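Undergrad: With the sequences and hints as input, model every part of the structure.
Number of protein chains: 2
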Amino acid sequence: MRLVVIGGVAAGTKAASRARRVDPDLEITIYQEEPEISQSECGLPYLLSGTVEHRDDLIARTPEEFAEKDVEVLTRHRVEKIDPDNKTLTVKNYTTGEEFEDSYDRLIVATGAKAIRPSIEGVDLDGVFTLHFLSDSDRILSFIEERSPKKAIIIGGNYIGLEVAENLTERGMEISLLEAEEQVAVTYGPEVAEKVEEHLEEKGVAVFTGALVKALVDDGEGRVRAVRVMHSGEDAEMETELVILGTGIRPEVPDVALAEMKPEVPEVSLAEAAGAEIGPTGAIQVDKHLKTNLPDVWAAGDCVESVNLVTGEAIWAPLGDTANQMGRVAGTNAAHGEDILEFPGVLDTGLFKIFDLGVAKTGLSEDAAQEAGFEVVTASVESVSKAGYYPGGQSTFIKLIVDGATGRLVGAQIAGGNADKYVDICATAIWGKLAYPDLINLDLAYAPPFGPTLSPVIAAASVLAGEFEKKTEGVRARE
Amino acid sequence: MRLVVIGGVAAGTKAASRARRVDPDLEITIYQEEPEISQSECGLPYLLSGTVEHRDDLIARTPEEFAEKDVEVLTRHRVEKIDPDNKTLTVKNYTTGEEFEDSYDRLIVATGAKAIRPSIEGVDLDGVFTLHFLSDSDRILSFIEERSPKKAIIIGGNYIGLEVAENLTERGMEISLLEAEEQVAVTYGPEVAEKVEEHLEEKGVAVFTGALVKALVDDGEGRVRAVRVMHSGEDAEMETELVILGTGIRPEVPDVALAEMKPEVPEVSLAEAAGAEIGPTGAIQVDKHLKTNLPDVWAAGDCVESVNLVTGEAIWAPLGDTANQMGRVAGTNAAHGEDILEFPGVLDTGLFKIFDLGVAKTGLSEDAAQEAGFEVVTASVESVSKAGYYPGGQSTFIKLIVDGATGRLVGAQIAGGNADKYVDICATAIWGKLAYPDLINLDLAYAPPFGPTLSPVIAAASVLAGEFEKKTEGVRARE
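In order, the protein sequence lines correspond to chains A and B.
Counting with the numbering used here, you get residues 1173 to 1651 for the letters of the first sequence.
Counting with the numbering used here, you get residues 1173 to 1651 for the letters of the second sequence.
Check the hints yourself; a few may be wrong.
Below are the EDC-like pairs computed for lysine to aspartate or glutamate, each with C-alpha atoms no more than 20 Å apart in a straight line [unchecked claim]:
no.	chain 1	residue 1	chain 2	residue 2
1	A	K1558	B	D1228
2	A	K1460	A	E1449
3	A	K1558	B	D1528
4	B	K1253	B	D1468
5	A	K1605	B	D1610
6	B	K1460	A	E1449
7	B	K1558	A	D1528
8	A	K1642	B	D1195
9	A	K1558	B	E1225
10	B	K1558	A	D1228
11	A	K1558	B	D1229
12	A	K1460	B	E1225
13	A	K1643	B	D1195
14	B	K1558	A	D1229
15	A	K1259	A	E1271
16	B	K1642	A	D1195
17	B	K1460	B	D1528
18	B	K1558	A	E1225
19	A	K1322	A	D1298
Between beta-carbon pairs, the in silico distance windows are [what the hints assert, rightly or not]:
no.	chain 1	residue 1	chain 2	residue 2	range
20	A	E1366	B	G1382	56 to 62 Å
21	B	E1641	A	K1241	17 to 23 Å
22	B	K1253	A	E1366	52 to 58 Å
23	A	R1248	B	E1641	35 to 41 Å
24	B	M1402	A	E1237	49 to 55 Å
25	B	K1642	A	E1244	25 to 31 Å
26	A	T1260	B	V1635	50 to 56 Å
27	A	E1373	B	R1319	38 to 44 Å
The hints are simulated quantities; they were obtained by calculation from the structure and are not laboratory data.
Quick caveat, the model's predicted, so the values are computed rather than measured.
Every residue gets a Cβ at the ideal spot worked out from N, C-alpha and C, and that includes glycine.
TA: Here's what the structure looks like:
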């Protein structure tokens, strides 16, 4: 019995490990296009500042470690075609240039996502980079060592863009961040995004929201020398020596023309070409056992669509931890050849650090909750991350979003000290279908070095109780 | 309508504030025996090292601030008697020495707890202190300034004793900690307690468990000069200049002979004398609306017994955050004169820091779960508090305890980095009745500066899944 896994980052390696544990006799091969497997994309920005010193620190496991578990890993191998009827694969070996056929009994597609290179003029100039793989950070670091740029422009103000802004600032560079939307961190609520923008400015990053990049300007020798941008209704040219594209990633089922991938060109993906159903988010559609519509083909990780457990709608949530969790489910089911485990869905939880500010969300923002049809009640509090008298406390903003009909928590937005803790409390509470009266009495832990007497989650829930009282009084008054 | 609150720390002040918010016309008086109200007991150890610089930083609110909200606060006033039939109180003014009568329509008893002075020889010598109020820390700090002791012995290895050990060490003193039980942190599991003991020793604190204190030795001039102790079957005399009694606290309903209170002498409490039912834990018994058996008398905070939501049994859980939450319920209900809010109970969540180690628990330890009749399945993992490659990570031990019959989480024990976060996830999960399969797929937040890709809560839940598989296979094998 032969299991093939296409893709060797979070979902693929986890799936292979699980499959091996379930069935010691299974023949398992991982095909990985990049030279490394198990690389942490989330760690890449920290290589740019030297916070993480060695690139290899970002490689969690090597092909040799998998070989010890009798899992074959073939790097620099690209699966070019899946034939689901004959259960065969066409594979290209990048090192030798050879193409060959392989076959599978069961297949896991874990092809991940690729960085978008937007189709703007000058995007292929020297000095313009995306950051998605170790090979990208290698290129950026070589460029920085060679040219010692003083200025960089980051296009796109989401996770990668924000984290790169921090890390290049830490390196001593002068950073401008351009974001086309009216706020950075577009998947977060505006209150939180505003705090991020303020914090960036405090740390010396020039932030331009509503900034439309028109072109990257050639210095005449094939190098980028400026970014042409429309901002506040005016065209401007901003000088720079380095551009990082943080314009987002999209689900990727490997196609034959990666280098030409543009966000507006629908990609012809490996899985899609093989007949796999693609969902409304553009990622591969799977059932709750992470099975595709193709026989004996499962899919996991950033290439897969999930379910938002708050709305029940399809969502594309490409994150390393989710990929890992999906890999466990897909690997177990594929190894058994039957549907043992379910992946229930996600809450769209997110977390990042930008300089000294932790920022987090789970569930729906207020706007998203309204769009989803909830009658929304919210409460926000400003708190502090340690007891008031204990040194080193940091302020924290938290906003809870609840369903007015049931009182149930449907979302939280957090910025400041302990953001990582409070978001995990809220994510667990949403998972457990807790309503605000539960949160008020929740027996959370308290000690002065770790937070105020009452967790801001509890404090915000108490404010919610007041909002619900007002609402009830309003109803009574109208009656 | 007149509401009287007896006790002005966490529960009492919160209850009075809530009552004022509910009913602007209510006449409200707080009687407080100590000179200050709203003092943070949890902050007291940090005064001893200077981590918290000013004693007044530990006072959250003053009588003047309450006066602005039209709440009368009478400090250094002790309620000596409650007459529930006539709804009158006998009050003693400590400043004038006068005794007078007062009356109430509704009463909240929030008399808290008192430090135990064990009935051992020499316990009243100069240089022997408890630490429960600001007046205690004032006395200890005066003593330290006057005498500059180099050595101190702490009797009792629970919250206060451990935190004092840290803070006096930080001050440069040589500390020995004596604990009668076989481990410190007796309400925690042995794995966690062992890590605390190791950490204390690493930081230079000499820890003696199973150490029975026989007597405190007089230097001939009324000062303590040594502790006589039986340890490992042998009697020893340990020299010291200062002794802190961290021998625990007990629920307190003020009695007329505080100074003579001994743990083995049943205290005749104010509420008990008035006919209030005392529960099996020795604290005041209340219904879920925090009402006592006396007409129009509620009770809240450390003097009150609660329900352990995991076992359904009575539990005494004297903590500042719980007291605050109870105060909200009692204050609301007393102000309305009817039972509006419920206090559901507690999970026995706990958290403390000892030097660089965070230690936490929620729900039941493995032993407690077994005693409560659960068929227990557990899993422990060692993890790290940041992504492996991100600098500054700290190791973390986590043990999950689940009910074998349902798979539901019933407890967690944690020591190390992010202990405060992981315990709050687990407490919320227990509250939401989550089982281990929920925890495996839980959409917690991940970013490299805040934790490993998979939260150790998720990792431990995955180990639990393996334990349950083994169990199922074991059952099959026996069949």
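Undergrad: Each of the hints needs a verdict: does it hold here or not?
TA: Verification of the supplied hints:
no. : hint                          : result
1   : K1558/A / D1228/B             : holds, 17 Å
2   : K1460/A / E1449/A             : holds, 14 Å
3   : K1558/A / D1528/B             : holds, 15 Å
4   : K1253/B / D1468/B             : holds, 16 Å
5   : K1605/A / D1610/B             : holds, 12 Å
6   : K1460/B / E1449/A             : violated, 54 Å
7   : K1558/B / D1528/A             : holds, 15 Å
8   : K1642/A / D1195/B             : holds, 15 Å
9   : K1558/A / E1225/B             : holds, 15 Å
10  : K1558/B / D1228/A             : holds, 17 Å
11  : K1558/A / D1229/B             : holds, 13 Å
12  : K1460/A / E1225/B             : violated, 56 Å
13  : K1643/A / D1195/B             : holds, 18 Å
14  : K1558/B / D1229/A             : holds, 13 Å
15  : K1259/A / E1271/A             : holds, 17 Å
16  : K1642/B / D1195/A             : holds, 15 Å
17  : K1460/B / D1528/B             : violated, 38 Å
18  : K1558/B / E1225/A             : holds, 15 Å
19  : K1322/A / D1298/A             : holds, 16 Å
20  : E1366/A / G1382/B: 56 to 62 Å : holds, 57 Å
21  : E1641/B / K1241/A: 17 to 23 Å : holds, 19 Å
22  : K1253/B / E1366/A: 52 to 58 Å : holds, 57 Å
23  : R1248/A / E1641/B: 35 to 41 Å : holds, 37 Å
24  : M1402/B / E1237/A: 49 to 55 Å : holds, 53 Å
25  : K1642/B / E1244/A: 25 to 31 Å : holds, 29 Å
26  : T1260/A / V1635/B: 50 to 56 Å : violated, 38 Å
27  : E1373/A / R1319/B: 38 to 44 Å : violated, 53 Å
The structure shown violates the earlier hints numbered 6, 12, 17, 26 and 27.
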